[in-house]
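S.K.: Combine both chains into one complex, guided by the hints.
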Amino acid sequence: MHLAYPAVLSALLFCTGLYGVLARRNAILVLMSVELMLNAVNLNLVAFDVWLSKAAQETLHSGQALTLFTIAIAAAEIGIGLAIVLAVHRNRGTADIDKLRDTAEGHEHDGPSSDGSDSDAPATSATGTAAEKAEATA
Amino acid sequence: MTLAAAAGLSHTQGFLSPTGVEIAFLLVGLVTFGAAVVTVTTRQLVHAALWLVVALGGLAVEYLLLTAEFIAWVQVLIYVGSVVVLLLFGLMLTKAPIGRSPDADSGNRWAALAVAVASAAALVWVVVDAFRTTWIDLDGRAAGSTEVTGEALFQNWVLPFEALSVLLLAALVGAIVLSRKAKATPTSAASADATPTGPTPGNGTTTRTPTGAATPSRGTSDGPSPAPGGRSSASDGRSSASNGQPSPQEGAR
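Top line first, the protein sequences correspond to chains V and L. Under full-length UniProt numbering, the first residue of the first sequence carries the number 1, and numbering increases by one thereafter. Under full-length UniProt numbering, the first residue of the second sequence carries the number 1, and numbering increases by one thereafter.
If we strip away everything but chain L, and leave its shape as in the complex, we get (with noise of 0.2 Å):
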């Protein structure tokens, strides 16, 4: 290894006489390569976040390879933890059919193929052209372990760190809102209307029959909407309990 770094600052170091890293990594590529393929030809979309899953772990170990530990285990917490699950929430919320789904790929595959393989062409030429010399030393230090990026992260990169956090925030905000919008804007403004009218009064007898006078009225709204679309019944069951909790609470009262 010492000899290999030594002989690295010279350049000359050949592809025909890799070290043991190299050889790791050329695996562990073929690997993540191969299971990135699997994941956008495959026609069963649970398979493909699953593949996508052997994809991202390669590339963590990638991550390793190349000493940036920190980046591996954030990879496999982000991407391999919440990302993959995510997608497979999103898969399973949509209704993505089980088991091969015949309409997986578009109609312009072929023209995707042959712009991807231009593409992948022209970038591999070009980048073995210019980088065929370039020697990574990975001896001594490693370049990507906790203590360093950290350091290097909380002395030149605080700034766009805070910003970082306002736009995850903001992100989460938005995913919020997109999620809840389009259901809840008529069952949150009849909640809206009923539900100063409980407490802030001090008469409550005159004020609990308008609320309980809503409560039909918001089921009689809430039924249609299910009709002309057909929709989830994830929907359903949210109107129904929503129509079903101020309920008990009149009883209660």
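Only chain V is shown next, with the shape it has when bound in the complex (with noise of 0.2 Å):
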């Protein structure tokens, strides 16, 4: 078999996941969209293992051991997320990740480092001030 095929497929799906992550709205099926590209880093890593484990003449199976360490990491990261997530919606009331806007920086109110910085800055640009100086003092 040709290393192209599953290697493309793996591209594929790894893209396929990233729209997933970048345009969906509910943070449940933000996971499904990384468990799709978590899938598509192990399909490259068994795929190159067979590969090297023919090609080469002594080989650890480093592929398939990552395979397995990354499937067991993708559970645990899917109860920690799932926990995290339904924790959020207890007490907020949805799992829009479009809502959770409390760190969001510059265009809306922030936080009480405003008041100390617009005595030389215009009031447009206040924001903007309290953003940067809250980005360097963190």
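Calculated from the structure, these hints are not laboratory results. Note that the coordinates shown come from a computational prediction; the quantities given were computed from them, not determined experimentally. From the three backbone atoms N, C-alpha and C, an ideal C-beta is built for every residue, glycine too. No false leads were slipped in.
Derived contacts from chain L toward chain V, CB cut-off under 10 Å, selection only:
(1) Glu22
(2) Ala55
(3) Ile71
(4) Val83
(5) Ala118
(6) Asp137
(7) Ala152
(8) Gln155
(9) Ser179
M.R.: In structure tokens:
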């Protein structure tokens, strides 16, 4: 089998997951897309390990071992991620990641650092400088 | 197959004469990719999880075609068996709407589509250009049977394997803590006040009256909490269950 087949499929699956992460609004759908990206990486690891196990003389089967580790870490990640999403849904009443904008910078009301820095800056760029200051001090 | 492998050693395999394994890989890959696309584009949230099952199962078949049997069964067990069930439970617990939800996609989906298509084009171009002539020899001993994987895992990868068990334990504890911390802090504090005072002192009659006095106060502290937020009915059921549990013990004693 050509190595290009699993590599191309892996690249396509990864970009599908990338689209899902960027375009989805529900947090659980974002987690599903992250799972797709992780599976694309797993397919790459397995394909290259199968190739190297026949092409190289001595191999550690590192691709398949790393695939198993990735699967286990993905299971842990989905558990923690769902716990976080459920906690957010319990506290906010929504799992919509477009509405979770508490740490967003600029163009909305920001924190208590805005009243200290608008003495010299104009009012339009006050929030921007405050955000820059908060970013610099953080 | 042996002719193909013999010819593959000299890197003269063309894409126009695919082997049977390649055709099967291509077909299953098309199904997998289509299911993945439907997963990220459908507007019905539960259907997305079910199409994810198709995509992950197709990947398991791809692992089988790559002779990585153990990874394939682990994929079926872990992903199709548990992760998707966990995602469905998550959808259920966050009260995901059944049927078409109009706001499943964000407003920047066209930018996301542009980014995804651009990265897909770049990745596919680079990968095809790099591995155009590379040939995987699938004959002979299976590269990913349980024996081979077990030998590699327990000879060379023992320490990361054990560290991974610690990580899974940490994830388990973390998920439990994250799941019960937000609502259980007043109840656990009240129950931590209530439970040691019950059995540890010798005289039962004087200490049982504080627990009886603590139970209505816990009920009043839980009483306003569903009112402002309009919480889920499970928290009401849990608080009423935690309120109702000491009272039969009081009645039995």
